[in-house]
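Chemist: Next come the chains, spelled out residue by residue.
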Amino acid sequence: MTGRGPYRIGNAPAGAAIEFRFDGKILRGIEGDTVASALLANGYRVVCRSFKYHRPRGIFTAGFAEPNALVQLHAGARTLPGARATLVPLSRGLEVFSAVGWPSRSWDALRAIDFAHSVFAAGFYNKAFMWPSWHVYEPIIRSLAGFGRAPAEPDPDHYDTQHAHCDVLVIGGGAAGTAAARAAAEAGRRVILVEQTANTERALESLPTLQVLSRTMAFACYDHNLLALAQSVGDPDPDLGPEAERRSGESGHPQPVRERLWLVRAGKVVLATGALEQPLIFTNNDRPGIMLAGAASLYLRRHGIAPGREVVIATNNDSAYAVVRELRQSGVNVVAVVDSRVAPPNELLREMKDLAVEVQTHSMPVDTKGFSALQAVIVGTLGRSPGEGVTRTRRIACDTLLVSGGWSPTLHLFAQAGGKLAYASTAGTLMPANSLPDMEIIGAAAGQGIAIGSLGERVSPVGPKSRQWLDLRHDVTVADIELSVRENFTTVEHIKRYTTLGMSVDQGKLGQAPALEVIARARGVQPAELGHTTFRPPFVPITLGTLVGRNVGALYAPIRRSPLYEVQASAGAFFDDYGEWQRPSAFPRAGESPEAAITREVKLVRNGVAIYDASPLGKIELLGPDAREFADRFYINNLKTLEPGRARYGIMLRETGIIFDDGTIVTLDDDRVLLTTTSGGAARVAAWLEEWRQCEWRGLRVVVSPVTEQWGTLALTGVHARTVLERLKPACDLSNAAFPHLGFRATQLLGTEARIYRVSFSGELTYEINVPAHKAAALWSALLEEGQDFGIAPYGIEALLHLRMEKGFLHIGSDTDGTTVPDDVGFGKPAASKATHYVGKRSLTLPENVRPDRLQLTGLAGEGSMPLTVGSHLRLSDSTEPTDGWITSAGLLSTDGKPVAMAMLRAGRSQTNKTVTVHDGGQVIGTARVVPPVFYDPSGARMHA
Amino acid sequence: MLYIPCPYCGHRDETEFTYGGPSHVTRPELTCSDREWTHYLYHRQNPKGPYRERWLHTFGCGRWFNILRDTATHEILEVYLMGQSIPSSTTQPGASVGSVAAIGSTP
Numbered sequence: 024m025t026g027r028g029p030y031r032i033g034n035a036p037a038g039a040a041i042e043f044r045f046d047g048k049i050l051r052g053i054e055g056d057t058v059a060s061a062l063l064a065n066g067y068r069v070v071c072r073s074f075k076y077h078r079p080r081g082i083f084t085a086g087f088a089e090p091n092a093l094v095q096l097h098a099g100a101r102t103l104p105g106a107r108a109t110l111v112p113l114s115r116g117l118e119v120f121s122a123v124g125w126p127s128r129s130w131d132a133l134r135a136i137d138f139a140h141s142v143f144a145a146g147f148y149n150k151a152f153m154w155p156s157w158h159v160y161e162p163i164i165r166s167l168a169g170f171g172r173a174p175a176e177p178d179p180d181h182y183d184t185q186h187a188h189c190d191v192l193v194i195g196g197g198a199a200g201t202a203a204a205r206a207a208a209e210a211g212r213r214v215i216l217v218e219q220t221a222n223t224e225r226a227l228e229s230l231p232t233l234q235v236l237s238r239t240m241a242f243a244c245y246d247h248n249l250l251a252l253a254q255s256v257g258d259p260d261p262d263l264g265p266e267a268e269r270r271s272g273e274s275g276h277p278q279p280v281r282e283r284l285w286l287v288r289a290g291k292v293v294l295a296t297g298a299l300e301q302p303l304i305f306t307n308n309d310r311p312g313i314m315l316a317g318a319a320s321l322y323l324r325r326h327g328i329a330p331g332r333e334v335v336i337a338t339n340n341d342s343a344y345a346v347v348r349e350l351r352q353s354g355v356n357v358v359a360v361v362d363s364r365v366a367p368p369n370e371l372l373r374e375m376k377d378l379a380v381e382v383q384t385h386s387m388p389v390d391t392k393g394f395s396a397l398q399a400v401i402v403g404t405l406g407r408s409p410g411e412g413v414t415r416t417r418r419i420a421c422d423t424l425l426v427s428g429g430w431s432p433t434l435h436l437f438a439q440a441g442g443k444l445a446y447a448s449t450a451g452t453l454m455p456a457n458s459l460p461d462m463e464i465i466g467a468a469a470g471q472g473i474a475i476g477s478l479g480e481r482v483s484p485v486g487p488k489s490r491q492w493l494d495l496r497h498d499v500t501v502a503d504i505e506l507s508v509r510e511n512f513t514t515v516e517h518i519k520r521y522t523t524l525g526m527s528v529d530q531g532k533l534g535q536a537p538a539l540e541v542i543a544r545a546r547g548v549q550p551a552e553l554g555h556t557t558f559r560p561p562f563v564p565i566t567l568g569t570l571v572g573r574n575v576g577a578l579y580a581p582i583r584r585s586p587l588y589e590v591q592a593s594a595g596a597f598f599d600d601y602g603e604w605q606r607p608s609a610f611p612r613a614g615e616s617p618e619a620a621i622t623r624e625v626k627l628v629r630n631g632v633a634i635y636d637a638s639p640l641g642k643i644e645l646l647g648p649d650a651r652e653f654a655d656r657f658y659i660n661n662l663k664t665l666e667p668g669r670a671r672y673g674i675m676l677r678e679t680g681i682i683f684d685d686g687t688i689v690t691l692d693d694d695r696v697l698l699t700t701t702s703g704g705a706a707r708v709a710a711w712l713e714e715w716r717q718c719e720w721r722g723l724r725v726v727v728s729p730v731t732e733q734w735g736t737l738a739l740t741g742v743h744a745r746t747v748l749e750r751l752k753p754a755c756d757l758s759n760a761a762f763p764h765l766g767f768r769a770t771q772l773l774g775t776e777a778r779i780y781r782v783s784f785s786g787e788l789t790y791e792i793n794v795p796a797h798k799a800a801a802l803w804s805a806l807l808e809e810g811q812d813f814g815i816a817p818y819g820i821e822a823l824l825h826l827r828m829e830k831g832f833l834h835i836g837s838d839t840d841g842t843t844v845p846d847d848v849g850f851g852k853p854a855a856s857k858a859t860h861y862v863g864k865r866s867l868t869l870p871e872n873v874r875p876d877r878l879q880l881t882g883l884a885g886e887g888s889m890p891l892t893v894g895s896h897l898r899l900s901d902s903t904e905p906t907d908g909w910i911t912s913a914g915l916l917s918t919d920g921k922p923v924a925m926a927m928l929r930a931g932r933s934q935t936n937k938t939v940t941v942h943d944g945g946q947v948i949g950t951a952r953v954v955p956p957v958f959y960d961p962s963g964a965r966m967h968a
Numbered sequence: 716m717l718y719i720p721c722p723y724c725g726h727r728d729e730t731e732f733t734y735g736g737p738s739h740v741t742r743p744e745l746t747c748s749d750r751e752w753t754h755y756l757y758h759r760q761n762p763k764g765p766y767r768e769r770w771l772h773t774f775g776c777g778r779w780f781n782i783l784r785d786t787a788t789h790e791i792l793e794v795y796l797m798g799q800s801i802p803s804s805t806t807q808p809g810a811s812v813g814s815v816a817a818i819g820s821t822p
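Those sequence lines, one after another, are chains C and X. According to our numbering, the first sequence is numbered sequentially starting from 24. According to our numbering, the second sequence is numbered sequentially starting from 716.
Treat the hints loosely; a few may be bogus.
Covered stretches of chain X, as calculated for chain C (at least 3 residues, CB under 8 angstroms) [stated by the list, open to error]:
hint, segment
1, 716 to 722
2, 743 to 757
3, 770 to 781
4, 784 to 798
Source of the hints: derived by calculation from the structure; they are not laboratory data. Owing to the predicted nature of the structure, the values given are computational and were not obtained by experimental measurement. We put the beta carbon where it would ideally sit given N, CA and C, even for glycine.
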């Protein structure tokens, strides 16, 4: 490329050539490369544009702390934004795109922003883009910032979730982690070793109780040592096109998994997560060609890449000297070492002398020269005190500057687990301040080898602070920190949010230690007094696919279907989701709209006969000598007087007196009670009964047995219902005298057990017939056949909800909400007159629940032809309140087409015949008259017939 | 995610359980004042530290039991069966086993 950039040296590891694309251009790497090492080997200095100022930036690290080389991988549906080039193994045909830069990475027109940088200080957005609203500017600013692109199509790949348990989970496959994992496995413990790269020791595979997860990142630690790991399993195969995938999908072969989420419950966690090298802070410390010394060492050792041809190394600690040694041994020209310490250890100075490398002590870089590529570093000799600045400067020509500002242990998971961190001034970074019982920290993460002696200066005392970068990812400079402190955002959490320092993907990885130093200096305190920002999961970005796993599409949530699903589907049912259940909303005929179908179904019920699948209705049996006593304690209705063969409507309350559910109660035997619940409330009610049984009334001899799925429930309704059912010859007398409204029979029908209720939610004569679930389809067909000459047809849930609205029958959860007590909906009398106590009774006399101005259920008759709409607010003519209530159910009457509604209205029962205004979308849409909430057959003659 | 020792099934992930609020809440006599009743309904201790609470192993044995959990560290200090009185080793201020027989009796 440039002839001056990084290059692969003679003793590079041998490997097969791999072709890949970077911004459309075909490049070559070798096996074992990461995207970053391949780009370096190809001489790439500029890999992206910075987030705010659009400055050219190069690869700065060799690991997960990388602030610059965030790339977009793959095209099309598989595209992945924000991948760290330093972590992505090179694979054949891989497509890589630089994320920021318009029109291109190397020629970014928005670089103009950089020249106007003083305008864009911290908090600029908060101050400048307030009028009229941030939302006007956000899309423009986001596109300027050049975030990665999310895929526009569904993800074609598969993801998996794996749960695991182990005695010891070792995180980090370096020397310390490998040794710890080996020792634990040799002692017979079940061990999992997690390593982020593909480089793990092969010999470990022979240990039977050790599992090695490579290319796996531990990104979160939750309570009780639950660790979340993201494992990269396979990269998309470029040869596996959509056609091949379709075929493999059809043939039922399992498709390859791209990433796997591991949830590991570990007896003990060993953190061998190493340490992160920190940068030095000086003017123009962000130029391409500047890299962490440790990163250069890794590229050299692992990939045979020399960082440049004329290298200057700047450090404030010992660790960079080893890098000098490695570079010299590989024949790389090290021009000078700049050490900010007054007196680096003598043996290091002697070694440098032997290597003929010049060392300039008590000095540090104060500026760099160049544009897109580094050309020289300006080195300043430090004064005796920081206030003195630098005593002289010198220009050293170079194409590469390696920096080391000390090392910070990687303690994110420790902090997530509740560990405390404190700033240790000798190490110049955060170190563990306590220990956790089931977590051990070893190696560099525990400070081993990184906290020797004291560190030299790492923040330049001179130069424009608005050009000294603390956070390369978010373009946060020393000047931004000082501005934040001046504007009184002084705590670390406030500074983080005001300046974006260490936000988003960085989360305190790169530059956190120098940043604490800068903040402390700006505030005139010691860094140890500052504390630190909270480390939150995920430690590195995780793709949503990994978190979701297989819970997508049809597997997103379980679908519940009634035993009548198939017969209804073949009858043309239009299914919709009602709670967990997939139920027919209507049965539209060919060419019929859903609305027309609902209207037709309502008319059929009112004038003929129809059937409805009520199978999802909750059914709970209570068994035991105290079953009836137990049931009686839950309902506002008296069950002591309930006779065999009779059904009673009942309402159940929470202890607060709020309506919880409703249904019917029958006795099957002296020690057997059968309850029905709302379809949505079946599980809730069973759990509620069970909680009281187990926790409160432990002495009662009763068991709670939910039986919803065991029974198919069919409602046969309409004026001809009795005639149709009689044709099936049930083993009981159906005459009105023998089997009146609110009767119940446990009998035989079609040669099987049947439980028949005479209850009605539609207001018409209705038999609710329960048969064992596997017999339900046969009953459905038999009823349709016997009812043929009456024009029988099925109806859906929408028609039923309309029918019950015309009758003013409550639909719990539609007409009631989390504030409704029985008196609000007209059940005050039974609730108050029941002699025995029941759950919620004590609360009904609380002052709040007897206020005269509570919302009460009423009917509304619309004035005019405009339909009333659910959710519309109501106001009384003399009202001083913003609202006096709202419509809970509404429709056009099946008899005369007039608009009616049920509503909760302030003191509703005393407002009869008054007129309310109806409000919707901020406007008055009409007026309505308050009427009793029953619009059809007020005497109930039809359902009693 | 907590790792909860169900007394019937052993250690299981929190996702199998349902939280049921504090244990040993004393329900006052139903003849009590409105103030006393609302205090019972709505006021809970919510301390930072050990707290006795009841949990249901919903996706397991379906049984309720008590635990003593430190709300700050999530450490589970004790597990005991429903109906069992507070183990004598530790007590929680303000919590005592109350009468729950009031409902069901005729006032």
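Chemist: Which numbered hints are broken by the structure, listed smallest first?
Modeler: Of the numbered hints, all hold.
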